[in-house]
Amino acid sequence: MHASDIGFVALIIAIVAATYVVFAAPIGLRRSIPQLVHSARNAVYVVAAMMLAAIAVLAYSLMSHDFGVAYVSRTSNLAQPWYYTLAAVYGGQAGSLLLWAVGLGLFSALAVWANRRKLEAVMPYAMATLMLVQVFFLIVLIFLSNPFERLPFTPPDGQGLNSLLRDPGMLAHPPFLLSGYMSWTIPFAFAMGALISGKLDSQWLKAARPWIIVAWAIQGTGLILGAWWAYHVLGWGGYWGWDPVENVALLPWLCGTAFLHSIIVQERRGMLKKWNMLLILITFCLAIFGTFVVRGGLLASVHNFATSALGPTFLSFLAFSIAVSLFFFFRRQSLLQSENRFDSVISKESSFLLNNVLLVGVAFATFWGTIFPLLTEAFNGSKITVGAPFYEKVNGPLFLGVIILMGIGPLLAWRRAAWQSIKRNFRWPLAFAILWAVVMLAALGIRNGWTLLGVSGCAFVFGTVVLEYYRGVKVRRAGAREGYPQAVAGLVSSNRRRYGGYIVHIAMLFIALGVIGANLHQKEQAVTLAKGESTAIGDYTLVYTAFREYRSGDSTIDEAELDIFKGGKKIGVAHPRRQTIDNQESQPTSRIAIRSTPKEDLYVLLAAWDDKVATFTIFVNPLVMWLWIGGGVFLLGTVIAVWPERQVARAAAREPAGAAVSKA
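Going left to right, the sequence shown walks through residues 1 to 664 as my numbering numbers them.
Each hint should be verified, as a subset may be incorrect.
[Claimed, not checked] Result set (DSS-like, lysine-lysine): computed pairs, CA atoms no more than 25 Å apart in a straight line:
#1 Lys206 <-> Lys118
#2 Lys599 <-> Lys612
#3 Lys569 <-> Lys523
#4 Lys523 <-> Lys570
#5 Lys569 <-> Lys531
[Claimed, not checked] Pairwise CB distance ranges (calculated):
#6 Thr597 <-> Arg331: 56 to 66 Å
#7 Trp368 <-> Gln35: 48 to 58 Å
#8 Pro152 <-> Arg30: 45 to 55 Å
#9 Glu585 <-> Val613: 18 to 28 Å
Please keep in mind that the hints were generated in silico from the structure rather than gathered at the bench. Don't be surprised by glycine CBs; every beta carbon is placed ideally from N, CA and C.
Could you put together the complete structure from these sequences and hints?
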C-alpha cells in the first residue's frame, strides 16, 4: 500500500464520520437520546483526526518526492527548495481544497469541544451544519479533485511549483486566506443552530463571538499578506489592483467587519437582530462565493494559476447554502424582533448603523463590479471589464466615511447624545484634525483635497483613540493610584475587546495613510539606460552600473545594478532581477528592488535588457511602509481583542464613551 492510499482512506473515513454527524446529532436531540449526540460529538473529533492524517500524508508524499502521485508531480521537483516543496501542500487546487477541509475539521472539533457542556439545544444543529459543509468539501476531494490520485507511471522528476508561487509570501498568504474563508463556517454554524432550534437569545452570539473575531482576523491578515505579495512580486508598482480574486477575498471581511460592530448594538440594546443574522449568513455565503471564484476559474485573474472544472459544483453548493439560510431565517424572523427603537439620530447606535450601511455599500459596489463582466457577457455576448478607477471612485468616499465614523462612534452616548457632551467629547479630536490640515497646507504644501480630507480624518480618529485611552487611564489612576504603564496595561486587560478594538482602529489609520500616499502621490518613470547613464525621479538619482547573469539552484538570474543617490550622496544599491526557473521559461518572474523608509519606497523593476542597454520601470511610492506596519498593529489588536478575559466586573465596558469621566 502506498502512502497516498492511506491518505485516501483517511478521506473516506472522514466523509463517513461527517455524514454520521449530519444525521445523528439532530436525531439524538429530537428524540432525546443524549448518547447519540455524544457519539456525534466524538465523530467530529474523528473527522479532525482523519483530516490531519490526510494532509500529513500529502506532505510526506511531497517531501519524499513520490512523483507517482499526480499532485506531487505537478507541484514539486527535485531541485525545488524544501520549504517551497512543503508549501506545495496548498500550492495546487487539490491541496488548497484539502487545507480548507483540514482547517474546518480542526476548527469544528475545537468549537464543539469548547461548547460540549453549553448550548444543548443549539450545538447538535451547529455540528450538523459544520459537518454538512465538511461533507461537501470531502465529496469534491474524493470525486473531483483528489490530491492522492496516482499516475499510471512514476516520472523521474516533477514539473515544480508555479514560478509566481516561488516567493516567501507564498509560505503565509494562501494558508491565511484559505483559513479566513473557512473560518466563517464556525459562526455561520452557530447562527444556523440557533435558527433551526429557535433558541435565539444572546447565548449563541456569546459562543460565536470569539470565532467571529478569529475569522475576521485571519481573513484580514490574509488580505494584508496578499497585498504584500502582489507588491513584491507582480511588478506593477502597486499592492491592490481590484482583481476579481482580491475582490472576493475582501467581501466577507467587509461584511464581517459590519457584523462585528452591529452585534455591539444587539448586545447592549437588543436591536438589529434580523440585520445581524442576515449579515452572518451573507458573510458565509460570500466566503463560499470567494472559494467558488478562486477555484472555479469563472473570472480571469492574475491570481489564478490553472483552469478548473469545479465552477458548477461550487455554484450549486452556494445556491444550496443561500436557499437553506434564507428558509430558516424567514421561518424564525418573528423571534428576531428588536427590543428597543432608535431614540435619536445622534447616538452610538446610529453611528454603528451608518457604519454598517457604508461597509455593506463598499461590499455591494465591489461585488457588482466583480460580477458585472459576467452579466454583460451573458446578456449581450461581450465582456465589459470593470477597472480600478470604478472601485476607487465609488469606494474611496465610502471608506473615508468609515474612517471618520471610527472617530465619531466612540464619542457618542447610547440612546441620545446631549449637546454638552458632544462639545466636550469632540473638541480635542477636532482640534487635532484641524491642526494636521493646517500643517499639510502651510508647511507641506499639500493641495490635494482627498489627501487633506483623508489625513485629517485619520488625525481625528487618532485623537479619539488617545482621548479614550486617556480617560480610562485617568479613572484607573484615580482609583488605584497606579503608574501610567500599569494603568494602561490594566485598562486593556480589564476590557480587551474594547481597547483591543481601538488598537485595530489605529492599525486602520496606518493602512489608510499608506493607501493615501501610494494611490494619490505615486511617481512613475519608464527609462532605458546604457551603463554609466543616470535618471532622476523625485529626490533620487539612479546610475546604471552593471549587469550580470548567473545560476542559483534551478534558476537563471538576470540582474542589473544601479547606484542610488539622494542629495548628491550615495545611499544604497538596487539589484532588480528577473528569475527564470528551469522548465518554466515561458513564465519568468520579476524580483523587485525596493528601498523602504517610513516616508516612501523606491521601487525598481527590470523590464527588459540586451547587451547594450536595460529598461527599468521606477516608482516612488509614498508611505507604503505604513501599510505593513498597520498589518502588524492589526494583528496585535485582534489578538488582544479575542484573548479570553478574566471573569471580572464589566460595568466599565457597558458605559458610553466618556461616561467614566463624567463620574470622576
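**OP:** List in ascending order the numbers of the hints, as given earlier, that are violated by the structure.
**Re:** Of the numbered hints given earlier, the structure breaks just one, which is hint 2.
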